[in-house]
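If you read the protein sequences in the order shown, they are chains S and U.
Residues in the first sequence are numbered consecutively from 1, following my numbering.
Residues in the second sequence are numbered consecutively from 230, following my numbering.
Please note: incorrect hints may appear among the correct ones.
[Claimed, not checked] Within a straight-line C-alpha distance of at most 25 Å, the following computed PhoX-like cross-link-like pairs (lysine-lysine) qualify:
id, chain 1, residue 1, chain 2, residue 2
1, U, Lys286, U, Lys245
2, U, Lys264, U, Lys245
3, U, Lys264, U, Lys313
4, S, Lys32, U, Lys264
5, S, Lys32, U, Lys313
6, U, Lys248, U, Lys286
In short, the hints are calculated from the structure, not lab data.
Note that this is a predicted model, so its numbers are computed, not measured.
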Amino acid sequence: MSEQEQISQLSALFDGELPRDQAELVIRRALKDPALRAAWSRYSLIGACVRGEPLAAALPQVDLAARVRTRLASEPELSAAGKADADNAAASANRTSLWRRGALGGAIAASVALVSLVIVKSMMPGTGAPAELTAQQVAPQPAAVATVPPQATPAPLLVARESAPPSYTTPVDDSPGRRSAPLFNYVAAHNDVAVSAVRLAPLSSVMGGGFDLTQDAVEMSAAEVGARR
Amino acid sequence: MSVDTGDLGLVQRVQKGDKTAFDLLVRKYQHKVVKLVTRYLRDPSEAEDVAQEAFIKAYRAIPQFRGDSAFYTWLYRIAINTAKNAIVSRDRNPVEFDLDMQNVEESNSMQLRLADSETPESLLQTEEIRTTVNQAIEALPEDLRTAIVLRELEGLSYEDIAQAMDCPVGTVRSRIFRAREAIDRRLSEVFEGGLGRTEELG
Numbered sequence: 001m002s003e004q005e006q007i008s009q010l011s012a013l014f015d016g017e018l019p020r021d022q023a024e025l026v027i028r029r030a031l032k033d034p035a036l037r038a039a040w041s042r043y044s045l046i047g048a049c050v051r052g053e054p055l056a057a058a059l060p061q062v063d064l065a066a067r068v069r070t071r072l073a074s075e076p077e078l079s080a081a082g083k084a085d086a087d088n089a090a091a092s093a094n095r096t097s098l099w100r101r102g103a104l105g106g107a108i109a110a111s112v113a114l115v116s117l118v119i120v121k122s123m124m125p126g127t128g129a130p131a132e133l134t135a136q137q138v139a140p141q142p143a144a145v146a147t148v149p150p151q152a153t154p155a156p157l158l159v160a161r162e163s164a165p166p167s168y169t170t171p172v173d174d175s176p177g178r179r180s181a182p183l184f185n186y187v188a189a190h191n192d193v194a195v196s197a198v199r200l201a202p203l204s205s206v207m208g209g210g211f212d213l214t215q216d217a218v219e220m221s222a223a224e225v226g227a228r229r
Numbered sequence: 230m231s232v233d234t235g236d237l238g239l240v241q242r243v244q245k246g247d248k249t250a251f252d253l254l255v256r257k258y259q260h261k262v263v264k265l266v267t268r269y270l271r272d273p274s275e276a277e278d279v280a281q282e283a284f285i286k287a288y289r290a291i292p293q294f295r296g297d298s299a300f301y302t303w304l305y306r307i308a309i310n311t312a313k314n315a316i317v318s319r320d321r322n323p324v325e326f327d328l329d330m331q332n333v334e335e336s337n338s339m340q341l342r343l344a345d346s347e348t349p350e351s352l353l354q355t356e357e358i359r360t361t362v363n364q365a366i367e368a369l370p371e372d373l374r375t376a377i378v379l380r381e382l383e384g385l386s387y388e389d390i391a392q393a394m395d396c397p398v399g400t401v402r403s404r405i406f407r408a409r410e411a412i413d414r415r416l417s418e419v420f421e422g423g424l425g426r427t428e429e430l431g
């Protein structure tokens, strides 16, 4: 094959217009022949001129391709690097999976604690149905609910305690005749359960500020219970 | 869009560990990538550094390239992400002027590269290349000029150019090759030894 024909094929290869079998042959030739690689660079430069692209990368004093070659010389063999990338991706996926499992476990634990609390509460004398209680205590304080960080929303228990501690621990009718020792005992016991649930829930560690808010609410509730006693 | 057999063949060789094949991809796309990152980074020297980094990242990631898109589309995304990361990194770590001795050498090297890419000599050289190529294209016979412009400026495939020029694909291939050869000859007249001086152009 003449040199002219080789260059002609290189031009078509540059444009991605050479049939695959011929492309393989020309690539092999170009990889061995510095003159063909230089022609390849000139084609790139001509195209860049036509399109008005920056040309400095091809100037000898910049020579971007040479800089990349120098960097690549210190790169590990690609097969090993590719394997490392794949391993990293797998490790990252495992870490994500573990985190998700932890988060799911925390959410389940919080849900179970909430359901248990509601059941216990509904069995106590002098208290209304859970749904009524929630509506009665949370609805009057919409602004306070809005101040809770979004992360805390999966745990309604935290919202209710932070937003309306007085009404949560005190019946609406505050007359002495309506006070109930079992209810206060329940509230005190509930405080312990609630704090334990928050401390044990894996999600509590990633809910910034959520724990502190709950802690404040529990302290307020305890103080209030003590005052009422 | 038809598959670019040249790029695909080179990528497959790189995936088998042939670094020289990647060098051809760098030579082919370096100008496009520099232009792309210059949209994000105004400083030419910084753009060249980021372009270099983008190529390195592409090389490391190339085992994952499966040919679902064109190589340049894939490289384009890497270059844009590298440029954006460079901006974030720069904003997070603004240049400090109280350099310690450990940084002085690196700083000097950076300034040298800055000077290299922005000297009047460089500007003159690039301007001379541009003028020569433009004049060479103007001097081409119309059929060659149309073919090379449709290919390089409009990015048309040989088949599309053949339809536009109402001629066989083989003729288009020949016209584009002859146009490139004619332009290269003009460049060679301007620069002693030719623009494609093998080692200097990398």
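Hint check results:
For the hint linking lysine 286(U) to lysine 245(U), the alpha-carbon distance of about 17 Å falls within 25 Å, and the restraint holds. Taken as a hint, the lysine 264(U) and lysine 245(U) pair is broken in the structure, with Cα atoms around 29 Å apart against an allowance of 25 Å. With a C-alpha separation of about 14 Å, the suggested pair lysine 264(U) and lysine 313(U) falls inside the 25 Å cut-off, and the hint holds. The straight-line distance between the Cα atoms of lysine 32(S) and lysine 264(U) is roughly 29 Å, outside the 25 Å bound, and the hint therefore fails.
Between lysine 32(S) and lysine 313(U) the alpha-carbon distance is near 37 Å, which puts this suggested pair outside the 25 Å criterion. The hinted pair formed by lysine 248(U) and lysine 286(U) meets the criterion: a straight-line CA distance of about 14 Å does not exceed 25 Å.
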